[in-house]
Each structure stands twice: as C-alpha cells, then as structure tokens.
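2 protein chains.
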Amino acid sequence: MTDLSGLSLSNIKKSLLNGEPLIVYDFDGREEEADMVFYAGTVTWKSVNQLRKDAGGLVCYVTGKEEARKIGLNFLTDEWKTHPVYQSLIKKPSYGDYPSFLIWVNHVSVSTGISDSDRASTIRELHNLLTDHIENKEEFFMKNFYAPGHIPVLASRGLDERRGHTELVARIAELVGLPRSMVIAEMLGDGKSLKRANAEEYARKNKLVFLEGKDIIGM
Amino acid sequence: MTDLSGLSLSNIKKSLLNGEPLIVYDFDGREEEADMVFYAGTVTWKSVNQLRKDAGGLVCYVTGKEEARKIGLNFLTDEWKTHPVYQSLIKKPSYGDYPSFLIWVNHVSVSTGISDSDRASTIRELHNLLTDHIENKEEFFMKNFYAPGHIPVLASRGLDERRGHTELVARIAELVGLPRSMVIAEMLGDGKSLKRANAEEYARKNKLVFLEGKDIIGM
Chain A
36 MTDLSGLSLS
46 NIKKSLLNGE
56 PLIVYDFDGR
66 EEEADMVFYA
76 GTVTWKSVNQ
86 LRKDAGGLVC
96 YVTGKEEARK
106 IGLNFLTDEW
116 KTHPVYQSLI
126 KKPSYGDYPS
136 FLIWVNHVSV
146 STGISDSDRA
156 STIRELHNLL
166 TDHIENKEEF
176 FMKNFYAPGH
186 IPVLASRGLD
196 ERRGHTELVA
206 RIAELVGLPR
216 SMVIAEMLGD
226 GKSLKRANAE
236 EYARKNKLVF
246 LEGKDIIGM
Chain B
36 MTDLSGLSLS
46 NIKKSLLNGE
56 PLIVYDFDGR
66 EEEADMVFYA
76 GTVTWKSVNQ
86 LRKDAGGLVC
96 YVTGKEEARK
106 IGLNFLTDEW
116 KTHPVYQSLI
126 KKPSYGDYPS
136 FLIWVNHVSV
146 STGISDSDRA
156 STIRELHNLL
166 TDHIENKEEF
176 FMKNFYAPGH
186 IPVLASRGLD
196 ERRGHTELVA
206 RIAELVGLPR
216 SMVIAEMLGD
226 GKSLKRANAE
236 EYARKNKLVF
246 LEGKDIIGM
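Keeping their order, the protein sequence lines are chains A and B.
Here my numbering is used: the first residue of the first sequence is 36, the next is one more, and so on.
Here my numbering is used: the first residue of the second sequence is 36, the next is one more, and so on.
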C-alpha cells in the first residue's frame with residue numbers, strides 16, 4: 036500500500052466507492068486548478084448537483100484513450116487535424132497541452148439532457164458500457180447515445196504525454212484498481228478558479244481526500 | 036411597440052442593455068424548460084457567475100446561422116452527416132429537434148477557459164467579432180479562438196424550422212433590434228429542470244422579465 040499524504044490507496048478507493056468526491060489539484064505553474072472528482076460507477080443526481088453547485092465547472096466524463104477507441108471515439112484535435120476549416124482552430128491552450136475532449140453526448144433515454152438526473156443517467160450509461168461485458172461496444176455506443184449532447188467525454192493520453200486533470204484522475208483509478216471511469220468538474224471561485232488554499236479548506240470541511248499532481252506522479 | 040405580457044419591446048431592450056437577464060420558458064409539451072438569457076454585449080464575469088450559480092445549465096453563446104457561416108462554422112449535425120463513424124450519433128432528442136450546437140471554443144487570451152472571467156472573455160470576444168466591422172470574420176475567428184474549448188456556440192435555424200431556446204432567444208434579439216448575440220443557460224432545480232412556477236418566482240423576486248415561447252411566436 037503506497038502512502039500518499041498519510042492516506043492509503045485503500046482509503047482513497049473506499050472513499051470513491053462510497054460515492055464521496057476527491058479534490059485533485061494539478062501542479063503549481065500549470066493550470067493551478069482543483070477539480071472535484073467522483074468515481075462514475077457511484078454517480079447519482081446528487082453527485083451532479085454537488086459538482087455544479089460546489090465545483091461549478093464543466094461536468095465531464097473521463098476515461099482512457101484505449102476505452103474511447105473501443106467505442107469509436109477519437110480526440111477532437113485528431114478528428115479536426117485534416118478538416119479543411121476547423122484545423123485552424125486546433126491550438127495549444129496557454130497551459131501548454133492539447134485539450135482532452137472527444138465529443139459531447141447524451142444517452143437516448145434522457146429528456147433535455149442537462150438536469151442533474153439526466154446528466155447522471157448519461158454518465159452511468161457510459162460507465163456501464165465501458166465496464167460491462169458488452170461484445171461490440173462501438174455498436175452499442177452508436178445505438179444508445181447521441182451527439183452533440185451535454186456530457187463532454189475526455190480521454191487520458193497517459194501522464195507521460197500530458198499532465199492534466201484528465202490524466203491524473205485516470206491514473207488515480209489505475210492506482211486504486213478501479214476502471215478508468217471518472218467524473219470531474221473544475222472548482223471555481225467568484226470570477227477566477229478557486230485558489231488552492233480554498234480548495235483544501237473545502238476538502239477539510241467536508242472531510243474529503245485532497246490530492247495533488249506531484250504526489251500522484253510519484254506513486 | 037408590440038405589447039408582450041404588459042411589457043413593451045423597448046423595456047425588454049432596456050433590460051438587456053442594462054445587463055439584466057431575461058427568463059425565457061419554451062413551450063408546454065416541448066422541453067418545458069426556462070433559460071436565463073443575457074445580451075452578450077453586456078456580459079461580465081458576474082453574469083457568468085449568475086448563470087452558473089442561479090441557472091446551473093450549460094453557459095452557451097447564441098447567434099444566427101448566417102453569422103455562424105460568416106466565421107466558418109456549421110451545425111455539428113451537418114458536419115457529421117458524412118462522418119464514417121459519428122454519423123450514427125446524429126439522432127433527434129426526445130423533444131423532437133436536432134441540437135443547435137456548432138462547436139465549443141475559447142478565446143486565445145484565456146487561462147484555463149472555464150473561470151467566470153475566462154468564459155466572459157470568450158463570450159465578449161465572440162460578440163465583438165460578430166458585431167464589429169471586421170473585413171474577414173472567418174480569418175479573424177480562426178486566428179483568435181481555439182477548439183475544443185469551454186463555450187458551446189449555438190446557432191438559430193429560425194422559428195419556422197425549430198422552436199428551441201436558441202431560436203426564441205435569437206428572435207428576441209431581432210424583435211428588440213439588437214444583434215443576434217446572446218448568452219443562455221438552462222435553469223435547473225435539484226435533480227430536475229426548474230419548474231415553470233419556480234422560474235416565474237425567480238423572475239418576480241429578482242424583478243426580471245419572464246417571457247414564454249407562445250408570446251414570442253405571436254409577436
């Protein structure tokens with residue numbers, strides 16, 4: 036069991052499986068942003084409610100690029116590399132890495148797609164698809180989801196290639212022995228991203244695990 | 036001056052230009068959802084803050100399809116019609132209309148793209164691009180924005196073709212004589228979309244104009 040700021044991996048896993056969020060800060064000098072993170076297998080409308088009210092950023096589904104390929108999805112930065120017009124829009128953001136967005140989807144069962152319960156449904160259906168024993172995942176995905184929708188799907192390129200929340204969060208799943216199937220949203224303050232100290236305070240008050248990139252990298 | 040629930044168009048315009056949001060409900064039997072709506076030309080970080088905290092849905096930029104074409108953008112449902120894989124994801128949502136999403140962008144000046152002030156910057160820069168006298172708008176857009184980003188751009192197909200918030204809000208701009216350059220987010224309750232009565236109550240309490248689709252159609 037690797038020790039991480041006094042927390043064992045089994046405690047982190049227990050938290051996630053209990054449906055409690057982690058708070059994950061990336062790195063000083065990169066985005067300097069904390070994300071609220073749930074394990075997708077536990078997500079209910081209450082998790083989405085907490086993500087939008089207490090975190091405030093985009094509520095995104097995170098998986099690995101290998102899983103994404105199994106359901107037929109590529110990075111938009113790759114999709115648009117050869118697009119006659121949109122290729123001009125592919126640029127590196129100021130923090131230096133290409134975005135990890137693939138596509139925005141809804142499950143076919145939802146109403147408008149945006150309510151807490153609709154977003155929870157889309158997330159749980161993505162989770163089930165990627166973790167259940169389904170023979171042809173791509174066919175299943177294409178039949179049961181539609182795009183453009185309200186849940187951005189992000190995929191990890193691995194920490195060797197990119198050091199964003201997407202990769203950190205996928206890595207946490209690997210470290211604790213869960214499928215790479217997570218949900219994240221950026222924690223925002225009034226006007227700006229929530230400062231690290233305030234994100235730590237939120238974690239303390241709500242008795243949540245607070246992790247940072249350099250600890251995750253070092254594990 | 037057309038009368039609308041006792042409100043004149045000049046009062047609606049004044050509200051919008053003062054940076055106050057309208058609350059716009061679509062139709063019974065359609066989404067049955069209320070959106071919070073700002074004129075993009077007045078948007079500051081405080082507007083984005085109010086959209087994410089009091090409304091809670093996706094903070095989207097709305098324009099017309101003619102303006103979108105001028106900056107090189109198409110509906111994703113058209114872009115993907117011929118895509119070998121993604122064409123299977125194009126489906127009509129349960130409320131019956133194809134989505135009005137074009138693309139998700141950030142302005143090149145932003146930091147992570149998601150904070151209130153970053154989203155306000157992207158919105159104001161989209162507004163300036165579409166309303167200023169810029170010779171080659173597409174070139175300007177491709178140079179100064181990147182994708183995938185954090186602000187979904189929606190375009191109105193016109194109310195004859197689609198009766199969503201995108202079209203209703205673009206129509207309001209036309210009716211009051213402003214450019215089609217608006218910002219919207221769905222109003223959410225705990226778990227479900229905010230009920231119409233609660234959206235009306237929010238409007239009353241905050242002295243905001245409440246409009247509904249059938250009034251806008253009839254104008």
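These are computed hints drawn from the structure, not numbers from a lab.
Check the hints yourself; a few may be wrong.
Since the list gives no way to pick one copy over another, a pair counts as held whenever it fits inside one copy or between any two copies.
[As the list claims (entries may be wrong)] Only pairs whose alpha carbons sit at most 30 angstroms apart, straight line, appear in this in silico BS3-like list of lysine-lysine:
| id | residue 1 | residue 2 |
| --- | --- | --- |
| 1 | K126 | K178 |
| 2 | K81 | K126 |
| 3 | K240 | K178 |
| 4 | K88 | K227 |
| 5 | K230 | K81 |
| 6 | K178 | K49 |
Up to 30 angstroms CA-CA - K49 versus K178, copy category: neither (34 angstroms within a copy, 47 angstroms between copies)
Copy assignment of K240 with K178, given that the CA separation must stay at most 30 angstroms: Classified as neither: same-chain Cα gap 43 angstroms, cross-chain 44 angstroms, threshold 30 angstroms.
Within, between, both or neither, where K230 and K81 count as close if Cα-Cα is 30 angstroms or less: Answer is both; intra-copy 24 angstroms and inter-copy 18 angstroms each pass.
Up to 30 angstroms CA-CA - K126 versus K81, copy category: between (35 angstroms within a copy, 28 angstroms between copies)
Identical-chain pair category, K126 with K178, by Cα at 30 angstroms: Between. Shortest inter-copy distance 10 angstroms satisfies the 30 angstroms Cα cut-off; intra-copy 32 angstroms does not.
Alpha-carbon proximity context of K88 and K227, limit 30 angstroms: Both: 15 angstroms inside a copy, 14 angstroms across copies.
Of the numbered hints stated above, those contradicted by the structure are hints 3, 6, listed in ascending order.
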